[in-house]
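Residues per chain, in single letters:
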Amino acid sequence: MTYFLRKIGFYVVALWAALTLNFIIPRLLPGNPVDILLAKLQQRGGQVTPATRKAYELLLGGDTSEPLWSQYGHYLVNVFRGDLGVSVSYFPAPVTEVIGSSLPWTIALVGIATIVAAVIGVGLGAFVGWRPGTWLDSFVPATTLLAAVPYFWLALILVYFFATGLHLFPAQGGYDVVLTPGFNGDFIGSAIKYGVLPAVTIVLASLGGWLLGMRNMMVSTLSEDYITTAQAKGLPDGKILRNYAARNAVLPSVAGFAISLGFIVSGSVVTEQVFSYPGIGSKLLSAVTNNDYALMQGIFLFITLAVLGANLVVDLLYGLIDPRTRARS
Amino acid sequence: MTNIQQETEPTIGALTEEADSTTSIATRRASKGGIRRFLPTLTPWLVAGIALVLGVVLFGVIGPLLVGDPTTIRDSGLQGPSAENLLGTTQTGQDVLAQLAFATRGSLQIGLIVGLLATVLSAFFGILGAYLGGIMDEAFSLFSNVFLVIPGLPLVIVISGLVPREARGLWTIAVVLAITSWAGSARVLRAQTMSIRNRDYVSAARVAGERPWRVIAVEILPNLLPVLASQFVFAVIAAILGEAGLSFLGLGASNSSTLGTMLFYAQNGFALANGAWWWFVPPGLLIALLGMGLSLVNFSIDEVINPRLGNVRAQRRRDRRAKRTARSGGSPRVAPAAHDTKGVAR
Amino acid sequence: MSATAVLTIEHLDVVYETEHPVHAVKDVSLTLAPGEILGLAGESGCGKTTLAYAITRLHRPPAKVTSGSITFHDRDGSDVDLLGLGHEALRAVRWSKLSMVFQGAMNALNPVTTIRAQLDDALVEHRKGLSRRERRAIAEDALRRVGVDPSRITAYPHELSGGMRQRVMIAMAMLLEPQIMIMDEPTTALDVVVQREILREIVRLRDELGFAVVFITHDLPLLLEISDRIAIMLRGEVVECEPASVIQHDAKHPYTRRLLRSFPSLSGARGAFIRSGVEDGVEPETDTRAVLVQAAQETDR
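Residue numbers (the working numbering), protein chains in the order written: chain F, 41 to 369; chain E, 111 to 456; chain C, 630 to 930.
Be a bit skeptical, because a hint or two may be false.
Quick list of the computed label-pair ranges, beta carbon to beta carbon [what the hints assert, rightly or not]: (1) C:Arg704 / F:Pro276: 19 to 29 Å; (2) C:His878 / E:Gly243: 54 to 64 Å; (3) E:Leu252 / C:Asp836: 51 to 61 Å.
Note that these hints are calculated values from the structure, not bench results. Because the structure is a prediction, the values reported are computed rather than measured. Here a beta-carbon is modelled for each residue, glycine too, at the ideal position from N, C-alpha and C.
When you get a sec, could you build the whole thing from the sequences and use the hints?
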């Protein structure tokens, strides 16, 4: 029980750290983002009242006479109220609305791709690690090539071959723009079709890591005493592979999920750019290009929230599958 | 962006010393004393890895001296490979091969700088914290874990976005990349240090009254060297990939020329739409090959850290040898022990 | 073969095929009678564990059986050539006819599954047709027999103490009431008080169920207490194999005698152990490696 509480506590601390980072960074860097932002806002036809200026200064910092702590307090209150400002590049939509419309796309793409890559990678890794020395094992170093390939470059290659070359899949976008978004068969089918290449990119680029990690752990685990006991008991190979070897070998992969997820999130941001996929990553990049600082900050916050959430889920899962952690803390 | 798995916690059995059984006596690496114990064995994969790394590094270091000027603009835009331009030209007629050489140098530079910075940071937070133990360890560990879960590239993008373009120099980008990538290594180093710290020879040194810095330098660091080396290699790979991604997005260092910026220009020059594969394939391929070479080197370092991985290969060699002897009709020779004359094959 | 043996080992050789091959087991021949406790004693590295693993073919590369035979004489009358069995046939024999208790149960149990699951899968594999409840009853009964509270069946291995884990291992080995149990240093890592309890259990269970035991240890006095016969191993060879009383009072091989003298006695005059190590003209040897070399030289002579 203490394990679970500790984990939740940790993620609360991490969230607080992210919020604080979000607050501090614009204030530490050179330049005056608020002026640039307001100028852009006026260009788009927005109104700049003192209240507007105040609101943005809370987010990004400015020459106010208000003490830092007070600013910090107001900033936190605003964040929890859901007020992240108004987007400049998507004026007049508020930041939360822009995020809300694009976050599901990213979560669907990255979530599905990660699960597929993890399942295939761990499964193949377990199989290859079980019978080291077969011809399969000699391919393992070759997967390092795949693991070192930059996501966006792989995306470009895939687009080159499958989209512009063979015209099998579309090169850009999240769905066919003539359709109206909704939970109907046409739209979902179209979304899947447009999602294949981005998803394949993420799966291929992240597969190598899972596979290598699992294979190495299997080789280590197979020399443990409890494997010898299982063999001495005359258990069938399949049972030993699953219940004794893989069950133990998979633990570090789960424990190291945070690192893996970090890479996957980085990779998917760039992948979305290549495919102009309507996810939160491409919104972040267009925000940067347009000096839409409020949107940038808001997106960073939400990506962090999603990543922390995913890590929390996996950490809790780890507590379930490794009974020793519950005793340790 | 690779997610090559790093072992976060040492496995229960992997690092315990084996009892003095016949198995361990028999399989102990014969005659590998002193420093050789720490060096990986020379396998085809290691040779391939070193060859790849050396090839790319040489290309980046010497290449710029041998190729032409990468910035000369010609009229012959987007031409395929020819005798004059071995890798064709860009949209503005610049020689791709020349650009590739300079870009490789740029990527290597930043890769090394960031790799070094990140490794120093992770060594400090990982090793020192684990050695000191107690509240310092808890604090350092918490710090590392928080940095670990906060998404790296989005943070880098936000920071890069907030910095005006003129101020985005090489060192700014390097520092930002290092700050967002040290946490994973710190965790691994902490786990390793904790396991070494509990070993008998370290306890012996501490009981003998050696000062902490001496214990770290003499007892702990030498045993951490393989892991440190492995983490450094990871850091370099991650740095090159991270910088490439950043540059591809147009957020890299403003006056630099790396493989990432090359791909940025390729993308903006509609290389893909025009099928100019000679422009966008080589830069990414070079990154991938360098990454692969470094990973292969890491493979061999892994075998030093975890000797069981080496047994797999050794076993395969023994099986091949046994098959060969069986096929040629001979029997496996068994060197007789002191006063023994047996050894007939079954 | 004779009806008075349950296991016959003839001229067994096991070699570690490394760069410089190590002949770990040399021309070993032993017989095991039904219900007998055969002690196997020797120093570290003498090959007794290698021998134990070879019997059930649990030895892993680079270890290889290069010659000899191991025959299991089943209660039902058939003879099984253990070294020649196919994979599936070997699996069927393992645990149900011949089980093993490993050295240091610290790591011999799967850390991520419950005791119940680990006792269960042996039953599922070898006693098909039993219901879940029946299997659980058998498992709990086995735990009771070794002195472990049956309610601990839902525990994970790390929640049990070292002594309890070893008892669980013994319970697991007895689950299918095999005819032979091989025990490799089952009590070495435990406190002496716990050790005594477990040894008493083993002897009691042997009397109750009638299985034969190969008890491997370096602790010779222990073997003198519980074994029927004792075999002494030195550098891969069995140098002496006699009933326990013969070993204790009339050991013939010099190494056996030296081994016997190397254990201090709880009775007798204080200091006698150190002093009595001296023979006429021979220096007291407390370094075991030197003992081995000396003993080898003596046999050469």
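Okay, the hints, checked on the actual structure:
1. C:Arg704 / F:Pro276: 19 to 29 Å: holds, 25 Å
2. C:His878 / E:Gly243: 54 to 64 Å: holds, 56 Å
3. E:Leu252 / C:Asp836: 51 to 61 Å: The hinted range 51 to 61 Å holds for Leu252 of chain E and Asp836 of chain C, with Cβ atoms some 58 Å apart.
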